[in-house]
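These protein sequence lines map, in sequence, to chains A and B. With the working numbering applied, the first sequence corresponds to residues 1401 to 1559, in that order. With the working numbering applied, the second sequence corresponds to residues 30 to 175, in that order.
Since the hints were derived computationally from the structure, they do not count as laboratory data. The beta-carbon is built from N, C-alpha and C at its ideal position, and this holds for glycine as well. Among the hints, a few may not be true.
What the hints assert, rightly or not - Partner residues aside, some chain A positions facing chain B, computed with beta carbon under 7 angstroms:
1. 1414
2. 1418
3. 1444
4. 1446
5. 1453
6. 1507
7. 1536
Below are the chains, spelled out letter by letter.
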Amino acid sequence: MSWVLHRIDDRLIHGQVLVAWGARLSPQRICIADDAVAASEWERQLYADAAPGIAVSVLTVAEAAAAHAAESASPGGAFLLVRDLASALRLAEAGAVIGTFNVGGLHYATGKTKVAEYVYLDDEDRAAARALLARGVSLDVQDVPATRAVPLASLEPLQ
Amino acid sequence: MSVSPQGPAGGGETRTGVVPALLVMHSELASALIHAATAVYGPVEGVPVLSNSGLSREALEERIVGEVAGWTHGGLVLTDFWGGSCHTCGLKATRGRGEVLLLTGVNLPVLLDYLHNRDKYSPAELAERLQLKGRESIRAQRCSDR
């Protein structure tokens, strides 16, 4: 069973992930693939404590890519979370076989323009999105399971 | 540490300072709680609110830090639920800030108790009291026909 959600979300573990997606998909494990969080023992513990009853692991993107195939064969469901499209691309380029990324939250920052209510992109994001699509990875914009998934490319041209 | 929810610690000694608080919650919940508290308590002053709507983790942390940075004698960051971005960003923003404490799972009874007692306790004592108040405020009841 293993991977039941691959999500791009700059908030990583938060309410939508735990309450909405968690209730729908009942993950036993959450893997955060994030170099910055992995480098901080305090932040690793912060996220481990944030999801009671779920085993949280925090890995670098490279470590997560290396562990991705083995996790695919594990019993029970698992979520994989990355904070941005660049990290998602690095995962795919490092060999993680991922069919679809759920684009759940890329919030406003300077230089980013609005694509959806909770998705803002800059040129680097668009380049990463194009590269992921070129590799055959689908990018579906959807914050919670009760809303409809919409292909990112249908919301705006990524060129 | 244990503090009686019935009265201030120290044999009834009353503190003169007010423990500041910041509400950080999802969507418009913090504003709505203040609005509801106003109807029960009266005008509420000096309790800023923050919504996480539309904010990245970094932006939310930055706004929380902006609010609590001046709390030289401590204070309380009140958030709605464990594991949400308001909670985890609140923890990160208050890290290493001494008597700035975070309380999560906050509801209207907790907010009302804070308003009635914010000048009677230290931040740590008040946090302990409010935690007990929140637990006591949730009760399941079955009403018989008699």
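For each hint, the structure was consulted:
1. 1414: holds (4 angstroms)
2. 1418: Holds, because the Cβ-Cβ distance from residue 1418(A) to chain B comes to roughly 5 angstroms (cut-off 7 angstroms).
3. 1444: Where the cut-off is 7 angstroms and the nearest Cβ of chain B is about 12 angstroms from residue 1444(A), the hint is violated.
4. 1446: holds (6 angstroms)
5. 1453: Violated, about 10 angstroms.
6. 1507: Because about 4 angstroms separates residue 1507(A) from the closest Cβ in chain B, which is inside the 7 angstroms limit, the hint holds.
7. 1536: Nearest chain B Cβ about 28 angstroms off; hint violated.
The structure fails hints 3, 5, 7 (numbered hints given earlier, in ascending order).
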